[in-house]
Amino acid sequence: MKTRKLGQMEVSELGAGCMSLSSNYGPAAPGFIAINTLRAAHERGVTFFDTAEVYGAYTNELLVGEALAPIRNEVKIATKFGFDVEGSGGPLSTPPNIRKVAEDSLRRLRTDRIDLFYQHRVDPNVPIEDVAGTVADLIREGKVLHFGLSEASAATIRRAHAVQAVTAVQTEYSFVERAPEANGVLDVCEELGIGFVPWGPVGMAFLTGWMTPETKFDPATDFRANFPRFSSENIRANLPILDIVRRKAAEKGATPAQVALAWLLAQKPFIVPIPATRSQDHLAENHGALNVELTAADLAEMQAAFAPLTVHGASMDADNMALVQR
2 MKTRKLGQME
12 VSELGAGCMS
22 LSSNYGPAAP
32 GFIAINTLRA
42 AHERGVTFFD
52 TAEVYGAYTN
62 ELLVGEALAP
72 IRNEVKIATK
82 FGFDVEGSGG
92 PLSTPPNIRK
102 VAEDSLRRLR
112 TDRIDLFYQH
122 RVDPNVPIED
132 VAGTVADLIR
142 EGKVLHFGLS
152 EASAATIRRA
162 HAVQAVTAVQ
172 TEYSFVERAP
182 EANGVLDVCE
192 ELGIGFVPWG
202 PVGMAFLTGW
212 MTPETKFDPA
222 TDFRANFPRF
232 SSENIRANLP
242 ILDIVRRKAA
252 EKGATPAQVA
262 LAWLLAQKPF
272 IVPIPATRSQ
282 DHLAENHGAL
292 NVELTAADLA
302 EMQAAFAPLT
312 VHGASMDADN
322 MALVQR
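Note that my numbering has the sequence shown beginning at 2, numbered continuously upward.
FYI, nobody ran anything at the bench for these hints, they're computed from the structure. The structure displayed is predicted, hence computed values, not measured ones. Just so you know, not all the hints are guaranteed correct.
[What the hints assert, rightly or not] Result set (SDA-like, lysine to any residue): computed pairs, CA atoms no more than 20 Å apart in a straight line:
1. K269 - F228
2. K101 - T60
3. K253 - P241
4. K144 - E75
5. K217 - F228
6. K3 - K217
7. K6 - Y59
8. K101 - I72
9. K101 - E44
10. K217 - R5
11. K101 - E75
12. K6 - G194
13. K144 - G194
14. K269 - G289
15. K101 - D85
16. K3 - Y59
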């Protein structure tokens, strides 16, 4: 596994998204399966693991802490603050809450430092300068090593970076979800030397190719049940986008998921996708993306095919989209 730089932090070129082991993409995986999957990812060279207090809530951090405790000094752990988990559920990035989350996350993760501490969503009621300043204090205290933002606008990234260097920005980005290309976020990351971590790198599994218009998600355990992009009508309408990935996969002797990840890796050298899985077979498939070479001609061909198409349906419901800065 090669490495890439997120700001000044060096990590494996593919990370591991941990959320789906505990929540939001179906029922939680049995603990032993989740732990074995995370340790198998490390054995394959992954050194970058992504979690958050709200995943579960709290259970994902506990799981990650247990899984990575024996190899803590060989990995980087990213977690997040920024929600009123036990209250309204809305944004909460007051300095006291940031400090509380840091202490609680350190305990759950069984560690003495958080490698990358993201603001999970921008809080409209707290100036980003206050957020960055609080994390800067935590960095001076050694409890946090690097500062990150998630789903922040280019303007917010600039303001935060002026107070405390932003190491990485995490936002949704994939062959089917292109907002960071248009809203200036990728550009500002490149300009300021900030790493970019795409969540949903295979389109919340749409680009793996297994979904059909008949696919149904359980609203009790899977948030895609309420996301417009995953209605039967929109899955059907977006199949031409998937077909572009499928055709390139057939040419390369690869799977659609591998091409989707290879496409992201080919966009910028500071991009580190964090595909999620609870299956070691899918883990091996994801890592096969590192052997897929997409040439400049391949990328141009895929973009030319994508350009005239329309992406149907918002990727999240209205409440979640309201928390995303564009």
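Okay, the hints, checked on the actual structure:
no.	hint	verdict
1	K269 - F228	violated, 28 Å
2	K101 - T60	holds, 17 Å
3	K253 - P241	holds, 19 Å
4	K144 - E75	holds, 18 Å
5	K217 - F228	holds, 12 Å
6	K3 - K217	violated, 37 Å
7	K6 - Y59	violated, 28 Å
8	K101 - I72	violated, 26 Å
9	K101 - E44	violated, 33 Å
10	K217 - R5	violated, 37 Å
11	K101 - E75	violated, 26 Å
12	K6 - G194	holds, 9 Å
13	K144 - G194	violated, 23 Å
14	K269 - G289	holds, 19 Å
15	K101 - D85	holds, 11 Å
16	K3 - Y59	violated, 31 Å
Hint compliance for this structure: hints 1, 6, 7, 8, 9, 10, 11, 13 and 16 are not met, and every other hint is.
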